[in-house]
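Novice: Protein chains in written order, with our numbering: chain U, 1 to 144; chain R, 1001 to 1144; chain E, 2001 to 2144; chain P, 3001 to 3144.
Calculated from the structure, these hints are not laboratory results.
Fair warning: there could be bad hints in the mix.
Unchecked claim - Sample of chain P residues facing chain U (criterion: CB under 10 Å; computed from the structure):
| no. | residue |
| --- | --- |
| 1 | His3030 |
| 2 | Asn3033 |
| 3 | Val3035 |
| 4 | Ser3038 |
| 5 | Gly3053 |
| 6 | Glu3060 |
| 7 | Val3066 |
| 8 | Glu3067 |
| 9 | Ser3068 |
| 10 | Ala3071 |
| 11 | Tyr3072 |
| 12 | Val3081 |
| 13 | Arg3123 |
| 14 | Arg3126 |
To be verified - Calculated Cβ distances over 10 Å to all of chain E for the following chain R residues:
| no. | residue |
| --- | --- |
| 15 | Gln1011 |
| 16 | Leu1064 |
| 17 | Glu1067 |
| 18 | Ala1071 |
| 19 | Val1088 |
| 20 | Gln1105 |
| 21 | Glu1109 |
| 22 | Thr1125 |
| 23 | Lys1143 |
Stated by the list, open to error - To be clear about the criterion: a stretch of chain U counts as covered by chain P if any three or more of its residues have a C-beta under 8 Å from a C-beta of chain P, and this derived list gives those stretches:
| no. | stretch |
| --- | --- |
| 24 | 25-34 |
| 25 | 80-91 |
Beta carbons: idealized from backbone N, C-alpha and C, even for Gly.
There are 4 protein chains.
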Amino acid sequence: MPTRPPETRAQYRHFLPIPTRWMDNDVYGHVNNVVYYSYFDTVINQYLIAEGGLDVAAGEVIGLCVESHCAYARPVAFPDVIDAGLRVAHLGTSSVRYEIGIFAQGHDEASASGWFVHVFVDRGTRKATPVPARMRAALERIKA
Amino acid sequence: MPTRPPETRAQYRHFLPIPTRWMDNDVYGHVNNVVYYSYFDTVINQYLIAEGGLDVAAGEVIGLCVESHCAYARPVAFPDVIDAGLRVAHLGTSSVRYEIGIFAQGHDEASASGWFVHVFVDRGTRKATPVPARMRAALERIKA
Amino acid sequence: MPTRPPETRAQYRHFLPIPTRWMDNDVYGHVNNVVYYSYFDTVINQYLIAEGGLDVAAGEVIGLCVESHCAYARPVAFPDVIDAGLRVAHLGTSSVRYEIGIFAQGHDEASASGWFVHVFVDRGTRKATPVPARMRAALERIKA
Amino acid sequence: MPTRPPETRAQYRHFLPIPTRWMDNDVYGHVNNVVYYSYFDTVINQYLIAEGGLDVAAGEVIGLCVESHCAYARPVAFPDVIDAGLRVAHLGTSSVRYEIGIFAQGHDEASASGWFVHVFVDRGTRKATPVPARMRAALERIKA
């Protein structure tokens, strides 16, 4: 259970609005815990494609998730549109730790926040490989 | 396999932009066939909530899906944003047949099109019940 | 709304048990209409991999969905385990029409039934291509 | 990135086999990171319903997820069947911390492992409430 003060919008460097979907809600009437992680990898990969040159279909280097975490502070529900905030907390030779905040529109405190670690690998061998230069530059731009 | 001419935007009466998500793509690199149906029930329920007074948490009358169909003409893929077009093809006493088109942005011909039939029921008994007046008025407004 | 008599288990030629998941249920307490289609492509692809030699990662020929349909007769809900029944209704040069029944365990009448059309294509060009011999033989074995 | 020795089957107290689904795989050919969390809440809620008396539709006390985490060691892919292992690491007055291991069949070392914290609340007020006696007994039985 989180004891840190809640995350706020000013702590993030890139935002993507994500509309919830009918199926995101579970039987208790709110977005299911699992679905937040799909918001995480959507904001991350959208940023990598738009800014970092990630080529999902054919690029030599791809990012694989090795760890993820989420703390849930207050619920969101369909048909809310949420804003996913993104920052880079650590950028290593071949890995990056992202931190993500999920914000209800009109609210400055996060509904949920978490982290996500990518290791970049060669698509064929799946061995760790240095973050390509263009992607590294994009990730540097959103370092906290 | 569809033999009708492709659906175009002018044939729909209400539109909702829906960004694709990373997870929507399957192993073949395009949005999985299943996910189109989540676009269908998202545009439908968003319209019912915003325009028809559907109260998902507490309303006495809810819509249950009894039939759905989709024909796929050309693929879409993350990170595309699609526009879901909606019209009402038939409005009965307690049921409604929606038709839906999925459009890639900048394209006038549908990437996929389908239908979806709701029967409105009493939340408690799950027996068919007439479409409430406010919802009927909202559905009349988007009849084809 | 379906007017045919309900499908029964004897009308299907291959079965796969599929446990429901917590997330399959929507806010109304039953498996969401969308999720049935994931049961459809799971039973189909499981059969193609196990019996027809489908190589998802590297095969030259892959199946793409061009049409799907489902009629819903009675709900299922987590934690039910359903049986997905499969048969081939039509086998053409490069396409196949599957029919699928979703059965609650202990019930002989389908909770839902539908169809799904695959066109087989070359992985690279995505042009229609004849169904490979081993796959054709597997599909012939479950023809209705 | 995990530095602990990998989790093994002997460290878990309850197991549920979960077949993967076609849609679980993402564009890189393995089960998407998000989907592991749906295995988590499936094994947890299946246990609570079967052993702890959880009544999803009408019970006065429900469990809400406040934190979750997963570390990914090696991939799984459709059509694998995985075994989800479950244990209780901490049982408080109104909360429980579960630990989960995801095992490929025939392997003793976990493909992924994580944790998940439930707070039990009153369904109406959503205020924290003591874990009901029958559920507490069920949770005690799988304490590590």
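Novice: Decide, hint by hint, whether the structure agrees.
Specialist: Going through the hints against the structure:
For P/His3030, the interface hint holds, since its Cβ comes within 10 Å of a Cβ in chain U; the closest pair sits about 8 Å apart. Taken as an interface hint, P/Asn3033 checks out: its beta carbon lies about 4 Å from the nearest beta carbon of chain U, inside 10 Å. For P/Val3035, the interface hint holds, since its Cβ comes within 10 Å of a Cβ in chain U; the closest pair sits about 8 Å apart. The criterion of a C-beta within 10 Å of any C-beta in chain U is met by P/Ser3038, whose closest approach is roughly 5 Å, and the hint holds.
For P/Gly3053, the interface hint is violated, since its Cβ never comes within 10 Å of a Cβ in chain U; the closest pair sits about 17 Å apart. Look at P/Glu3060: its Cβ only gets to about 13 Å from chain U, farther than 10 Å, so that hint breaks. Checking P/Val3066 against chain U by beta carbon gives a least distance of about 5 Å; that is within 10 Å, so the hint holds. For P/Glu3067, the interface hint holds, the least distance from its beta-carbon to any beta-carbon of chain U being 5 Å, beneath 10 Å.
For P/Ser3068, the interface hint holds, the least distance from its beta-carbon to any beta-carbon of chain U being 6 Å, beneath 10 Å. Restraint check, P/Ala3071 versus chain U: the minimum CB separation of about 5 Å is within 10 Å; hint holds. At a threshold of 10 Å, the smallest CB-CB gap from P/Tyr3072 to chain U is about 5 Å, leaving the interface hint in force. The beta carbon of P/Val3081 comes no nearer than 20 Å to any beta carbon in chain U, farther than 10 Å, and the hint placing it at the interface is violated.
Using the Cβ-Cβ criterion of 10 Å, the hint placing P/Arg3123 at the interface with chain U is satisfied: the shortest such distance is roughly 8 Å. A cut of 10 Å between beta carbons decides the hint on P/Arg3126: the least distance to chain U is about 9 Å, and the hint holds. The beta carbon of R/Gln1011 is kept farther than 10 Å from every beta carbon of chain E, the shortest such distance being approximately 19 Å. Non-interface status of R/Leu1064 relative to chain E is broken: a Cβ of that chain comes within 10 Å, the nearest being about 7 Å off.
For R/Glu1067, the condition that its CB be more than 10 Å from all CB atoms of chain E is violated, with the nearest at approximately 5 Å. Not every beta carbon of chain E lies more than 10 Å from that of R/Ala1071, the smallest distance being close to 5 Å; the non-interface claim is violated. Taking the minimum C-beta to C-beta distance to chain E, about 16 Å, the non-interface status of R/Val1088 holds against the 10 Å cut. No Cβ of chain E comes within 10 Å of the Cβ of R/Gln1105; the nearest lies about 22 Å off, and the non-interface call holds.
No Cβ of chain E comes within 10 Å of the Cβ of R/Glu1109; the nearest lies about 16 Å off, and the non-interface call holds. Residue placement check: R/Thr1125 keeps its beta carbon more than 10 Å from all beta carbons of chain E (closest about 13 Å). Distance to chain E confirms R/Lys1143 as a non-interface residue, since its nearest Cβ pair spans about 19 Å, more than 10 Å. Given as covered by chain P, the stretch 25-34 of chain U passes the check, having 5 residues with a CB less than 8 Å from a CB of that chain where 3 are the minimum.
With 0 residues having a Cβ less than 8 Å from any Cβ of chain P, the stretch 80-91 of chain U misses the three-residue criterion, and the hint is violated.
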